[in-house]
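**Student:** Letter by letter, the chains look like this.
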Amino acid sequence: MELKLNKISKQYKSGKEAIRGLDEVFSPGIIGLLGPNGAGKSTLMNMIATLNAPTSGTVIYNGVNIHHEKSAIRKDLGYLPQDFGVFPNLSAEEFLTYIGLVKGLASSYLKKAIPAFLDSFNLIHVRKKKISTFSGGMRQRIGIIQALLGDPKIILLDEPTVGLDPEERINFRSLLTDLSKDRIILLSSHIVSDIETIADNILVMKEGKGLFYGDFEQAISLVEGLVHEDYAEDDQLKLLKKKAIVTDVKKAGDQMLVRYLFKEQEDSHEKGNLPARLEDVYMYLTDAV
Amino acid sequence: MKEFIKIVILDSLQRIRSYQYFMTLVVTLYVASTFVPAPDASYSTVNLGNFRPLYNSAWVGTSTAMMTALFMVIIGFFLVEGTIERDAKLNIHTFIKTSAFGKKYLQMKGLSNVILLSLISLVIFCMTMVMFPIRGEEGSFVFLDFVLPFVLITFPTVVFVGYYSVIIEVVLSGSRVLKVIAMIVSWSLLIPAATIANSSSNGYLLDAVGISLPIAHVKATILNEFNFQLDGMSFGYQFFDRSEQQLFELSSLEYPQAFLWSRLFFILTVVTLVYVISLFIKNPWKKIKMNPVQVKKIDDETIERRSSSKLTLPSKIKYGNSFIPLIVQEITLMKKNISSFQKFIISALWTSTLLVPIDIAHLFLIPGMYVIYSKSIGELGGRSFSNNVSAYSLAYPKVFLRQNLSHYFSVIAIMIAMALPTLVRLIMSGDLSAISRLTIGIVFIASLSNALGSLTKSGRLFEILFIFTTYLLLNKLPIADYLGAIHENGWENMSYLLLLTCPVLLLISWFRMKIYSD
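From first to last, the protein sequence lines stand for chains G and R. Take the first sequence: its position 168, counted from the start at 1, is 168 in our numbering, and no numbers get skipped. Take the second sequence: its position 130, counted from the start at 1, is 130 in our numbering, and no numbers get skipped.
Just chain G, same shape as in the assembly:
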């Protein structure tokens, strides 16, 4: 199973280029999608979901151009967009049944699968309640379940952890890890730690371009020896921000403990000896462009 982005670009009528020549190949596993707002993450997901066509380039799924033959991917797709809705007057169980039927799943399958999902996402006790009475986090879980219904081979999750409490996030991550073995899961999140914990590969995007695609070790190697940590006063911090990329600031008594990295290793700089984190890589890549 393979999903190939073949130099895809997307330009809107307004002239804005949302995606610029993205050229990657995704194989089964969890692909973490990182990037600042407007990087093109949601546009990319919409394109893979066939709701948007690329202006140029092709998206090939198992050898088929999905924008020529949409059904090739749609039958294997589970999609949770960033902004999604529900039918508020239906109960959780009814709504998921509705979406399952829309996906073409059999009622007999849904009768068994929906309670299992609801139990797994801690919603079984409210399965008969109207969704209009749900909190944001509960709705989010309903959105995730609808995407996972029907054992999709390609799962697109755009900011799925928004509104989930820490326990539910851990639960969700472990479920996703279980599911990832023979599926391609594209997971976009602003929470770098979510990606860091579960992603097999990471795609960092900015202004529609792919800045990096690779596994965690490859990502870390980009900033190896560049990460520093020091105590600093306000003035020193301002100065540091001009010379380096500040990735974290913590209050430590009267001073601040600043984590930073230099864009390039120069002779004048001492080699950093701190172990790098994905957050450092993200800041390094998105700040350097």
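Possibly wrong hints are sitting among the right ones.
Said to hold, decoys possible - Below, in silico cross-link-like pairs of lysine-lysine (DSSO-like), each with a Cα-Cα straight-line distance of 30 angstroms or less: (1) G/Lys75 / R/Lys318; (2) R/Lys336 / G/Lys130; (3) R/Lys316 / G/Lys181; (4) R/Lys179 / R/Lys286; (5) R/Lys316 / G/Lys128; (6) R/Lys514 / G/Lys153; (7) G/Lys128 / G/Lys112; (8) G/Lys16 / R/Lys514; (9) R/Lys316 / G/Lys75; (10) G/Lys13 / R/Lys514; (11) G/Lys13 / R/Lys286; (12) R/Lys514 / R/Lys318; (13) G/Lys4 / R/Lys219; (14) R/Lys89 / G/Lys129; (15) G/Lys181 / R/Lys318; (16) R/Lys286 / G/Lys130; (17) G/Lys128 / R/Lys335; (18) G/Lys112 / G/Lys129; (19) R/Lys287 / G/Lys111; (20) R/Lys335 / G/Lys112; (21) R/Lys103 / R/Lys282; (22) G/Lys112 / R/Lys336; (23) R/Lys103 / R/Lys287; (24) R/Lys398 / G/Lys75; (25) R/Lys336 / G/Lys128; (26) R/Lys6 / R/Lys287; (27) G/Lys241 / G/Lys263; (28) G/Lys128 / R/Lys89.
No lab work stands behind these hints, which were simulated from the structure alone. The structure displayed is predicted, hence computed values, not measured ones.
Fit chain R to the given chain G structure using the hints.
**Tutor:** Just chain R now, kept in the frame of chain G:
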């Protein structure tokens, strides 16, 4: 003040920039073109019995202003209703509640309603001027004959309706049925009061719609020219032979001070009422149900079980192409979209269809049930969009086919269920013609709701059109006889028209859904 006006404009823009509003304007354009029928047309909109005015500026300007004012009273509420609830659903109300703007909120909504309705009136006004050279018969184009009736008759009515809608929405918050009933009762009182009001200071105070003055002017002209006392005028689309009508020429309308003061009085009354209500009702969203339930605390045993066991799904995925479960699900959704009170009224009407004469059931009770259900029926085609479910559902395979057919058949199923006692009685009496008329009507309504829903991504336009048409049907106008209940000569032609329209409407919704899904 500047900020307040800015907020009013922004709120209006938010509502105007919708496909639904655009479609409303398109339909308004069409409706406006029918307000002034051709001199030789078989119908009239303002019925003066055996008399017909020459189509000069005074008549065309005055009659369309009167029709627009009546149109606003009947339809206006449905065009602007739900705006306060929508703010709650979009969670905007939390910002308003915590800001200093809260006190002015209802005034803002009133003005915003006025802007929306004024724009619709403006479209009618422009259409009237376009139609004048086509339909006009006599005299030159006098701009003031068009402007003054719209400014002094229609506009105050628009303000009245805009603010009155806010009052109804706040006072009867939480119950849409009560709001609709209140509006129907209101227009049932306002319109007759306006048509019977005298053209005197006291009479004007009965007339919130502003049509008593032009009615008196028309009556006086007929009395002068023909020495005939016209009993009354009726409004709405009416069909009859107009060849025998006697012609008269209407002069420009003059506006006495008492009339102008009465128009101002109605505006000030509703604005003041809204102000007073805003002093007492600080939280107009209070009765709108949206309290989230709390997540139950998970006990240790559950945590233990969930951490040790993995998600156990059925081993084999089963696909099913049967539409029936989806149709059942659509029906469930439609049933859930109506309140217990509506269910109670429908049950009462349904039971009555077993007892009353079949004609009454066919003409009054079945359309009555459908009107109560019209919101649910209308929403079907556009619900995925209005609830943003389409954001992901459109990415699933053959969704347009599955959803479109299930929408279509679920509406038909639920409408047949409501008409079932009547259908059974018709079968028992062997009236196959009535059965076919009723069935054609049901299929037509299903097709129309689906097409308008998918075109406008909302059920509002269907609901307005359907309620309006049913209102005409209850007044026994043959043109509105979508269920074949009046069954006058010529209904056969109408049945062909309805039957031909159905596949066209079906294709419209089909292609529209396919375009969205592609």
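**Student:** Run every hint past the structure and note whether it holds.
**Tutor:** Cross-check of the supplied hints:
no.: 1; hint: G/Lys75 / R/Lys318; in the structure: 13 angstroms, holds
no.: 2; hint: R/Lys336 / G/Lys130; in the structure: 10 angstroms, holds
no.: 3; hint: R/Lys316 / G/Lys181; in the structure: 17 angstroms, holds
no.: 4; hint: R/Lys179 / R/Lys286; in the structure: 16 angstroms, holds
no.: 5; hint: R/Lys316 / G/Lys128; in the structure: 26 angstroms, holds
no.: 6; hint: R/Lys514 / G/Lys153; in the structure: 24 angstroms, holds
no.: 7; hint: G/Lys128 / G/Lys112; in the structure: 16 angstroms, holds
no.: 8; hint: G/Lys16 / R/Lys514; in the structure: 27 angstroms, holds
no.: 9; hint: R/Lys316 / G/Lys75; in the structure: 16 angstroms, holds
no.: 10; hint: G/Lys13 / R/Lys514; in the structure: 22 angstroms, holds
no.: 11; hint: G/Lys13 / R/Lys286; in the structure: 42 angstroms, violated
no.: 12; hint: R/Lys514 / R/Lys318; in the structure: 25 angstroms, holds
no.: 13; hint: G/Lys4 / R/Lys219; in the structure: 79 angstroms, violated
no.: 14; hint: R/Lys89 / G/Lys129; in the structure: 18 angstroms, holds
no.: 15; hint: G/Lys181 / R/Lys318; in the structure: 21 angstroms, holds
no.: 16; hint: R/Lys286 / G/Lys130; in the structure: 19 angstroms, holds
no.: 17; hint: G/Lys128 / R/Lys335; in the structure: 15 angstroms, holds
no.: 18; hint: G/Lys112 / G/Lys129; in the structure: 19 angstroms, holds
no.: 19; hint: R/Lys287 / G/Lys111; in the structure: 35 angstroms, violated
no.: 20; hint: R/Lys335 / G/Lys112; in the structure: 25 angstroms, holds
no.: 21; hint: R/Lys103 / R/Lys282; in the structure: 7 angstroms, holds
no.: 22; hint: G/Lys112 / R/Lys336; in the structure: 24 angstroms, holds
no.: 23; hint: R/Lys103 / R/Lys287; in the structure: 18 angstroms, holds
no.: 24; hint: R/Lys398 / G/Lys75; in the structure: 9 angstroms, holds
no.: 25; hint: R/Lys336 / G/Lys128; in the structure: 13 angstroms, holds
no.: 26; hint: R/Lys6 / R/Lys287; in the structure: 28 angstroms, holds
no.: 27; hint: G/Lys241 / G/Lys263; in the structure: 12 angstroms, holds
no.: 28; hint: G/Lys128 / R/Lys89; in the structure: 21 angstroms, holds
Of the numbered hints listed earlier, those contradicted by the structure are 11, 13 and 19.
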